[in-house]
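> Spelled out, the chains give:
Number of protein chains: 4
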Amino acid sequence: MTIAKMSVAELDAFLLKEFPQAFASGDISIERADGESCLIRERFHDRMLRPGGTVSGPTLMALADVAMYVVLLSAIGPVGLAVTTNLNINFLRKGQPGQDVLAAAKLLKLGKRLAVGEVSLLSGTSPDPIAHVTATYSIPNA
Amino acid sequence: MTIAKMSVAELDAFLLKEFPQAFASGDISIERADGESCLIRERFHDRMLRPGGTVSGPTLMALADVAMYVVLLSAIGPVGLAVTTNLNINFLRKGQPGQDVLAAAKLLKLGKRLAVGEVSLLSGTSPDPIAHVTATYSIPNA
Amino acid sequence: MTIAKMSVAELDAFLLKEFPQAFASGDISIERADGESCLIRERFHDRMLRPGGTVSGPTLMALADVAMYVVLLSAIGPVGLAVTTNLNINFLRKGQPGQDVLAAAKLLKLGKRLAVGEVSLLSGTSPDPIAHVTATYSIPNA
Amino acid sequence: MTIAKMSVAELDAFLLKEFPQAFASGDISIERADGESCLIRERFHDRMLRPGGTVSGPTLMALADVAMYVVLLSAIGPVGLAVTTNLNINFLRKGQPGQDVLAAAKLLKLGKRLAVGEVSLLSGTSPDPIAHVTATYSIPNA
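So the protein lines, in turn, are chains L, C, P and U. The numbering used here numbers the first residue of the first sequence as 29 and each following residue consecutively. The numbering used here numbers the first residue of the second sequence as 29 and each following residue consecutively. The numbering used here numbers the first residue of the third sequence as 29 and each following residue consecutively. The numbering used here numbers the first residue of the fourth sequence as 29 and each following residue consecutively.
These are computed hints drawn from the structure, not numbers from a lab. Keep in mind it's a predicted model, so treat the numbers as computed, not measured. Don't take every hint at face value.
The list cannot tell twin chains apart, which means a pair is met if one copy fits it or any two copies do.
DSBU-like, lysine-lysine: derived pairs with alpha carbons at most 35 Å apart [as the list claims (entries may be wrong)]: (1) 134 with 33; (2) 45 with 140; (3) 140 with 33; (4) 45 with 33; (5) 45 with 134; (6) 45 with 137; (7) 45 with 122.
Looking at chain L on its own, in the form it has when it is part of the complex (with noise of 0.2 Å):
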């Protein structure tokens, strides 16, 4: 069984200084991250929406993003220089109004050089999720 080598307050204060641009407004939420998968909200505001009320792509590119990174910092620990490489979206439906917006993470692969891993967005309590994510970190060398 993998055990995280982040706590969930760990986490939160590494992400802060190391993200302040998506973590400072206190939007974005780490509800669960194991080491395997997390969960993360983003508060529903109005700047998430573009016009017609859906949530907007790089919001989801965004918040798909900081969930890759969340279950790749608590499965390897505190690693600043971690980039991602590729990221492929599919937009799947709309999200429901005003809701939050939560991202579930999980990885596919934790290699030495390369992570791998998969993200459902999801709005509100729907299971269906309105886009789905693919996405590639590079790990520097220890």
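Following the hints, position chains C, P and U against chain L.
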């Protein structure tokens, strides 16, 4: 609950006619298809390997493409003209020597014009996927 | 030879109305759009950076998405409901400090239902792209 | 200016040994490779078609993968263990009946650990690509 529009026997017959290059050899068989997900098996054969003994990329891409088509057919019934528009594959790890390859596909979205799904490629009985695919099919007008 | 269906001035007016969150700040401007390709500039500002000084992934994804929409509009005219269905981005290298980011988009296919394009993201005057995007837009029925 | 590390004759000999399943048939030939880009030809044969007469997806994916490997080898010299980690393909249009398929590959990035490139798949003499691929190769440690 989703009801499959085609039984495994109907799928076998349809695919043998539509995809003879994949199904005529008898190496690929449908283990399950329920309108939302499916499981496909490709029996081990030497032609699926590249030097070094790993399962070749084209073998995995072809099997994932077939699995996506099977789950789509089981969801919408016999539609011969659906075509793949996008396929993204992440190669994750080597397979186990001499083992069958399995493709577990799941629909993420079934729209009127587009269907999106994901496929885990598995080697023998290992739970760790050797590759992960997301793919989009375009569905012809009714 | 392709003739653009909208001039740059028409595109500016349309996008300010449709994409206020991207265009209202005045940071993004259309340099050229000819029905087959376009060039978009995002003026440097500190908010586009992540710690370490690299241009953030969401900034690049958002700019690529805008560039794809601009080239599509210039090819088909003012259609407000086109939506991105798939976006794949490869992050390639760091940008140059303090430089504008440019997005050079090109249509690979313009079908009745789907448009596919690629976008090179460039930093300042360097010819080496900092990221490369392919994206698919779904075009609503006429 | 980039100098190719391997001539076309050296590439032919290396690939016949490393990729016998792709090169032994004599259907695939290297027309050009210069350390930054390459052009590969697959002679028309009936096995490349799927019912309806379109070039099959696996044929295009396999050819693109070979083209990426050829341009990478021409850039870094004979390295047998480079492996594809990600491949994204957009299928764009049908090919022309009975025509050869060409793959024009270009390196977008050549790093120490990762190489990223794009490949246009072409049918006969038409300038419009039938598919477009981006792919990432992982380069083993020197």
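> Using 35 Å as the alpha carbon limit, work out where residue 45 and residue 122 are close: within a copy, between copies, both or neither.
Answer is both; intra-copy 32 Å and inter-copy 21 Å each pass.
> Is it within, between, both or neither when you check residue 45 against residue 140 at 35 Å Cα-Cα?
For residue 45 and residue 140, the Cα distance is within 35 Å both inside one copy (25 Å) and across copies (29 Å).
> Within a copy, between copies, both or neither: where do residue 140 and residue 33 come within 35 Å Cα-Cα?
Intra 16 Å, inter 28 Å, cutoff 35 Å: intra and inter.
> For the identical chains here, do residue 134 and residue 33 meet the 35 Å Cα criterion within one copy, between copies, both, or neither?
Close inside one copy (15 Å) and across copies (31 Å); limit 35 Å.
> What label fits residue 45 with residue 137 when the C-alpha limit is 35 Å: within, between, both, or neither?
Answer is both; intra-copy 26 Å and inter-copy 30 Å each pass.
> When Cα atoms must be at most 35 Å apart, do residue 45 and residue 134 count as within-copy, between-copy, both, or neither?
within (24 Å within a copy, 38 Å between copies)
> At most 35 Å between alpha carbons: which applies to residue 45 and residue 33, within, between, both or neither?
Only inside one copy: residue 45 and residue 33 sit 18 Å apart there, 44 Å across copies, limit 35 Å.
Violated hints for the displayed structure: none, as all numbered hints are satisfied.
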